[in-house]
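*Asks:* Spelled out from the first residue to the last, the chains are:
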Amino acid sequence: MKNRVVCYFSAAQSEQPIIYQLIKDYDLVVNILKADINPQKEGYLVVELEGKREKYKSGVEYLKSLGIHVEPLSETVVWSEEICIQCGACPSFCPTQALDLDRETMMVSFDNSKCVICGMCLDCCPTRAIKLYFEVREAV
Amino acid sequence: MAYQKTYEEINEKIKRGEAVVVTAEEVIDIVAEQGLEKAAREIDVVTTGTFGPMCSSGAFLNFGHSRPRIKMSKVWLNGVEAYAGIAAVDAYLGAAQLPENDPENKVYPGRFSYGGGHVIHDLLEGKEIRLEAIGYGTDCYPNKKVDTVIKLEDLNEAILFNPRNAYQNYNCAVNLSDRTIYTYMGIVKPNLGNASYSTSGQLSPLLNDPYYKTIGVGTRIFLGGGIGYVAWNGTQHHPNVLRGENGVPKVGAGTLAVIGDLKQMDPNWLVGLSYIGYGATMAVGIGIPIPILDEEILSYAAVKDEDIYCPIVDYSEGYPYGKSIDLGFANFKDLKSGKITINGKEVISTPQSSIYRARRIADTLKEWIKVGRFELTKPVASLPSADANIEFKSIPERNPNGNR
Ligand code: SF4
Ligand code: SF4
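Protein sequence lines correspond, in order, to chains A and B.
Using this note's numbering, you'd call the opening residue of the first sequence number 114 and step up by one each time.
Using this note's numbering, you'd call the opening residue of the second sequence number 95 and step up by one each time.
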């Protein structure tokens, strides 16, 4: 199985070689997507963990046993109207019409509630007006 | 051709604030309702607009001298090299230039997050730009290194000079292969997954004056939010191509070289772009007024999307390897509707050129003319037109050692 999670650390926990352990002892593929770790304060790590279901579960248990707070990752897509030049390309790539081109005004708009965060639109925007953000709450 | 107007007459009306100005979209209904003859008497100017990626763009910059003086042999702006093989502190910054050490397509498809077009946009936004330059040192120019921070206002001159803009018509790109391709026409999905097109169709400058009867050397235009001029025909200007009965080219044809003072332009209308897997470039806003001198000129300016065709071209093999694969033509009415039909298959159409912004340019130019801020210019020389005998050449394959 494969899952994206956010791990929240306290200052002391950031000393632990957790990535090494996850790979070595739990046989997981660990892909770090984003990190903010600093020995002086709390931090977080956004990781993709991939491996056998049992190993995955015990890997997450191991993290929790260290007192690390593990949560499923929530992502959000943000469209910046100020950066967008209304080229009209992105709606062709959006499967849900979250990004939509009004054929009268030829203006693109974005409806977050329709977005399924498939990521299809991210690469097609020449002004990088569409971005994917990881939602990470303030460190615990 | 009974009724005729002159540039002078139109400019007199502009000065008096009485000129009748409409956009290239508005003119369509007016001609349909009133007929050509009446409308040609009524209308003085039709405004056009286009806003899309135009790689052949850039700016000549003069930095002023350092103390001691330097003859710059290499110049970088925010790490993006500008061509310095001209006088001491002059350089040309190209829109498609990438920063030194850009990963390019080493990790495919590359991101191309920053380039010359982005630097031009940042200059217009008034941002500070790092200027680095080196020289080899001469008696008259002893300095060998400059490393400082500049803003647009610090430059003596900043002249936007784009050698090829406003392409009269362009390919509609599709992908017949089974893998996604990353092109200057954006992402093109496999197996005819989408059809990517550019140009603003019935709003586009050269599609409204297909034989360049009014647009020529010296024509005053809207350029990058300010005022510019047509300097010459653009590179790859190839007017003697296949045309429809209405005179409109059915393939890429004429182009314009345009020039203007960058300092009076606006960052909204010159925007750095990043095409994944392809490179960096710049979106340029251009609007050109067409003086309605007679009915014939009006009939061209009243062209409709459904009467403008562009060729459908395969960008997986056909375009890159120069293979001819006949996929027919698409018209702009269908393209703008969001779907076209290719070989019986319905295909999503993906614009690259902003119609919304093209309309805003045509509207802005209309306002400028109406309030007397912008007068028309008669070209000082014509551009080569459909009767020219221009050959579209390729690089010759010859042996540099001379033994053929
Ligand atoms: S992430 Fe997917 S659903 Fe959301 S806007 Fe982009 S393409 Fe549409
Ligand atoms: S691709 Fe980017 S610039 Fe173009 S319409 Fe979509 S968000 Fe705007």
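It is possible that some hints are incorrect.
As the list claims (entries may be wrong) - Here are the simulated DSS-like pairs of lysine-lysine, each with C-alpha atoms no more than 30 Å apart in a straight line:
# : chain 1 : residue 1 : chain 2 : residue 2
1 : A       : K227      : B       : K427
2 : B       : K99       : A       : K244
3 : A       : K244      : B       : K132
4 : B       : K245      : A       : K244
Note that these hints are calculated values from the structure, not bench results.
*Asks:* For each hint, tell me whether it holds in the structure or not.
*Replies:* Going down the list of hints, with the structure as the test:
1. A:K227 to B:K427: holds (28 Å)
2. B:K99 to A:K244: violated (52 Å)
3. A:K244 to B:K132: violated (52 Å)
4. B:K245 to A:K244: At roughly 29 Å apart (the allowed maximum being 30 Å), K244 of chain A and K245 of chain B satisfy the hint.
Going through the hint list in order, the structure does not satisfy hints 2 and 3.
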